[in-house]
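Chains A and B, in that order, give the protein sequences. Taking my numbering, the leading residue of the first sequence gets 1, the next gets one more, and so forth. Taking my numbering, the leading residue of the second sequence gets 1001, the next gets one more, and so forth.
Heads up, some of the hints might be wrong.
Straight-line distance between alpha carbons at most 20 Å, and here's what the computed EDC-like set of lysine to aspartate or glutamate pairs gives [what the hints assert, rightly or not]:
(1) B:K1116 with A:E417
(2) A:K293 with A:D459
(3) B:K1099 with B:E1055
(4) B:K1051 with A:E424
(5) A:K421 with B:D1039
No lab work stands behind these hints, which were simulated from the structure alone.
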Amino acid sequence: MKKYYIYILLAVFLIAGCSSSKQKLNKVEPQMSKLQTSKSETADKTDQTKQEKGLVQTDQKQLQQLKAQADKQAKQKKKEEAKKKKQQEKESLEKKKQQDKEKKLKQKQQDDLIKNAEKEEKKRIEEERRKEREELLNSIKGNKNQTDDSDYQDDVKKTVNVPVDTLIGKDSVQISLEDLLEDGKTDTLEIVKYDKEEEDDTTPSFLKKATSLRKKNKTADTVKAEPEKELTPMDKIISMMDGDANASSSAKASNGKNKTKKSNFIKKTWNEMFPKHVDRDIPYANIYKEEPKNILILYPWNRSDYDKASDMLLIMASKELGKKGYYVYSAVSSMETHKNDSTFSSRYTKLSDIKNLGKKYGADAVMSVTVFRFDNPYWSSATKAVAHYTLISTKTLDTLFYRQVEFNYDTPIPPKEYHDKDMELDEEQVYDLGVMEQMQIYAFRDIPYGPYHKKYKKDRKKFSNEREVKYKINVRPS
Amino acid sequence: MKKLPLLIILTVLCAACQKPLYKYKSYDEAAFKYSTAADAKDIKKALKGYKAIVETDKKKSKKQDSKTKNRIPPGLCADYAYLLLMQGDTTKALTFFDKETHLYPESSVYVNNLKKQLGL
Chain A
1 MKKYYIYILL AVFLIAGCSS SKQKLNKVEP QMSKLQTSKS ETADKTDQTK QEKGLVQTDQ
61 KQLQQLKAQA DKQAKQKKKE EAKKKKQQEK ESLEKKKQQD KEKKLKQKQQ DDLIKNAEKE
121 EKKRIEEERR KEREELLNSI KGNKNQTDDS DYQDDVKKTV NVPVDTLIGK DSVQISLEDL
181 LEDGKTDTLE IVKYDKEEED DTTPSFLKKA TSLRKKNKTA DTVKAEPEKE LTPMDKIISM
241 MDGDANASSS AKASNGKNKT KKSNFIKKTW NEMFPKHVDR DIPYANIYKE EPKNILILYP
301 WNRSDYDKAS DMLLIMASKE LGKKGYYVYS AVSSMETHKN DSTFSSRYTK LSDIKNLGKK
361 YGADAVMSVT VFRFDNPYWS SATKAVAHYT LISTKTLDTL FYRQVEFNYD TPIPPKEYHD
421 KDMELDEEQV YDLGVMEQMQ IYAFRDIPYG PYHKKYKKDR KKFSNEREVK YKINVRPS
Chain B
1001 MKKLPLLIIL TVLCAACQKP LYKYKSYDEA AFKYSTAADA KDIKKALKGY KAIVETDKKK
1061 SKKQDSKTKN RIPPGLCADY AYLLLMQGDT TKALTFFDKE THLYPESSVY VNNLKKQLGL
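The task is simple: from the sequences and hints, build the whole structure.
Okay, structure coming up:
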């Protein structure tokens, strides 16, 4: 019985499998039947279904195949396009590089051409100058053999001897070709010393003496020190014997020293109490000797960052020197002359020009000033000023007065007492004017008085003592 | 010892009574104003400053001589005359040029050269 059950089950599974396959076909049939018209259902349907099944399967396969092919083709296209782009980019980069190289090469070629041209010009100029020098030397020496006839073609200067009569008493001479070609009248040139050094010599007289003395004593600088001779033993003994002799003489003198001490003490005290009148060096001796009355202040040389320092200094210096009793020329006129003639300043005047200024203005002395600094930095409350003053006489060109001032004003006290509000000046300008005024007071504090002052010639002391005056002042509140 | 403070006070007073040589007043500001002048108004202001110093009362001017106390500082008359010339007043400028030479005869050379340059 069991075997029969098994056979029955197998038959059932077989039947179920067949039926399922039929159901699938029945599913496809209604889809296809929608598209196709239904005419014959039985035999036609089976044939149709079979055909349709095959078509569907083939269509699906074909579609899949076509899709795969299309995908492949698309991928290939993308790859090819990407390759093309890369190739195109490479080609463009290579083109750019080639173009850049070509440009650089052109520029180099142009630069090389320019450099070569400059070098050639320099060489040509040097050769021309060398030829001119040789020709001049040959003309001085009188060497006729060095002249070349080929120079006529190039219009270059020719070495020719010039007659002496045409040169005497003249600075320049005009020579014609006919004079040059004539023979029998020429003479050799002779160089004469030109005294230009003496005209352009701007050194003052007190330095000329020093240089002349130095030249005389030149042998002392050039002579080398002789080496010390080695002493022989006999020489050493002799030197020792002489030392003993000197020692003996000093020993004899020491016995009488006590007497000399007393006498020297008395003399010193007597000389201190009642010193002798001796003409010693006095400060500003040249001023007392020459006694200038008129002072011309040149427009100062401003080397600071403040544009108006030169005008301020000129005004205040003229004011301070007027208080000391000197006649100082007006500041306004000197400013106007500087506008019209910029050489009227302490920057461009030389010692050779000072005599002419003395004749033109009738001044006994000329003052030149240079301002190096006049500022108020932001990190401090002090105003700093630096200036150099020199007073030179127009007659002897000696320095009468020289001073270097470093002024530092650092107080809350206003430097200027009197202020006219009608002028409508800025507060900073008024402050700067006051500082400049205080600076001039300290700069000219020690200068001798002038002829219009009461103490003229009275401030000269008989016995001058050495003293040091410090002009670097830091005014601070106590 | 009791008289020492009196002596000290007297010496201080005597030292303070010393009069200055000149009275500059606002000379420096007037000159600086001229140097920075941009208009004719600024020059007029500078002239006022010089006028207060140079043009004193007539009574006082009679007492002033070249030998005695000169209250007009040196060079100011010439500055004032130069400014007057710029304004166009030549007659008054010539008077002050002459006054400068009268007070300070050393300035005759300089003043004469100025006149030649200015055409006076």
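Results for each hint:
1. B:K1116 with A:E417: violated, 39 Å
2. A:K293 with A:D459: holds, 16 Å
3. B:K1099 with B:E1055: Holds. B:K1099 to B:E1055 sits at ~11 Å (cutoff 20 Å).
4. B:K1051 with A:E424: holds, 17 Å
5. A:K421 with B:D1039: Status holds; Cα separation ~18 Å.
When each numbered hint is compared with the structure, a violation occurs for hint 1 only.
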